[in-house]
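Colleague: Sequence:
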Amino acid sequence: MAAAAVQTIPTIPTEPQAPVIDVLKYDYSHLQPYVHPPETKESLPWSELVTLDLEDYDRPGGKERLAKQLEHAVHHVGFFYVKNYGLSPEQVQQQFTIAKNFFQLPVQEKEKYEVNYAAADYNGWRRPVAPGTAFSKVEMYNIPKFTKDFVGKYDHPDLIKAHIDDIEVFSRALHNNVVLPLLRLFAIVLKLPDEEHLVKQHTYEEKSEDHFRYMIYHSKTEQEWAAGEYGKKTGHTDLGTVTLLFRQPVAGLQILGEDGNWTWVSPQPGTITVNLADTISHLTGGWLKSSVHRVVAPPEDQREYDRTGLLYFARPHNKTKLLPITDSPVLQEAGVQPRFEKIVTMEEWVKAKQLMQLNPEIAKKKYSKSGDGTAEVLAGFRDRKYKE
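The opening residue of the sequence shown carries number 1 in UniProt numbering; numbering runs sequentially from there.
Source of the hints: derived by calculation from the structure; they are not laboratory data.
Beta carbons are placed, not taken as given, at the ideal position from N, Cα and C, and that holds for glycine.
Heads up, none of these hints are tricks.
Derived pair list, reagent style DMTMM-like, types lysine to aspartate or glutamate, alpha-carbon separation capped at 25 Å:
(1) K110 - E361
(2) K220 - E114
(3) K319 - D149
(4) K319 - E195
Label pairs and their in silico Cβ distance ranges:
(5) E341 - E42: 45 to 55 Å
(6) P33 - D165: 14 to 24 Å
(7) A173 - E304: 30 to 40 Å
All chains, please: the whole structure from these sequences, using the hints.
Modeller: Quick look at the structure:
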């Protein structure tokens with residue numbers, strides 16, 4: 001009897017398996033906790049900023065009361081606080097802990113996730129830049145929105161991957177609980193017939209360059225402070241709609257008032273500091289104020305501490321045209337005009353501004369060319385350096 005033929009079973013190719021993350025290793029209980037430094041005891045010229053209680057938002061007449069509180073702040077100041085924003089102190093503490101442990105990772109690990117400077121892509125890790133410059137001891141890590149346009153596009157270190165669900169919950173909560181309500185309040189201030197006008201330009205699922213950021217200003221030696229590496233930083237404006245900054249006690253943030261003086265932003269317990277940025281100003285012909293601000297050397301009694309930040313940057317859809325809103329009686333009365341020489345989209349604006357921010361040599365060349373302290377960013381719109 002002939003021997004049965006041996007059948008060869010074809011091998012089915014399989015997808016390579018991603019390394020398994022040791023989630024327990026990165027549990028909050030195993031991470032080095034973030035401890036807030038003590039507040040300064042120095043007497044400083046603090047900014048007088050309004051605080052919005054978002055708990056009032058859904059009460060009868062609440063939106064109107066909050067909008068009334070905002071009128072002066074959004075037109076003349078560009079900064080304010082919000083409280084009762086729907087996230088617990090424990091959730092905020094967890095994010096500060098992630099930030100602390102991320103920045104303690106070796107440079108060789110962080111640089112695997114470095115931003116693409118040439119492409120003006122902000123997402124990922126941004127390393128400190130050259131000594132003697134404003135950002136010589138500053139690091140940041142940006143995480144984009146959790147939508148189909150970005151999921152899977154960027155890799156993260158295991159620490160971030162282990163907590164990515166918490167980070168998504170946190171980021172979405174900031175968008176839904178803070179950004180969208182503020183946009184409705186802005187619409188009320190502008191007397192727009194459609195309270196959802198700005199909200200429709202900022203829906204979460206539509207493609208836009210919103211991002212969540214961990215940031216750290218490392219402490220410096222006395223010699224570094226004496227060299228003034230970032231005690232004399234010029235002011236700037238942010239490029240998006242609004243920026244949300246969580247309270248941290250190390251003073252350093254200053255805003256430029258209409259009187260030309262710089263004042264310090266105090267760390268108010270339980271609040272988020274909000275500043276209006278360029279895009280919301282473009283959409284209102286400059287009526288809503290994109291506030292000039294800067295980060296300077298902390299008071300002497302805080303200079304031994306790192307300054308750690310949690311921030312959320314909100315931006316409209318990439319396809320949004322940056323033209324002044326036409327159906328606002330407030331803007332009509334003010335006679336606002338477009339700020340660009342041609343129609344510019346948000347995507348074009350972001351790329352042009354970030355190209356300068358990520359590539360200091362390009363910005364320096366543009367400022368040198370003008371000789372008047374300004375530089376053209378895009379289509380006739382010029383950025384200005386605000387000195388001390």
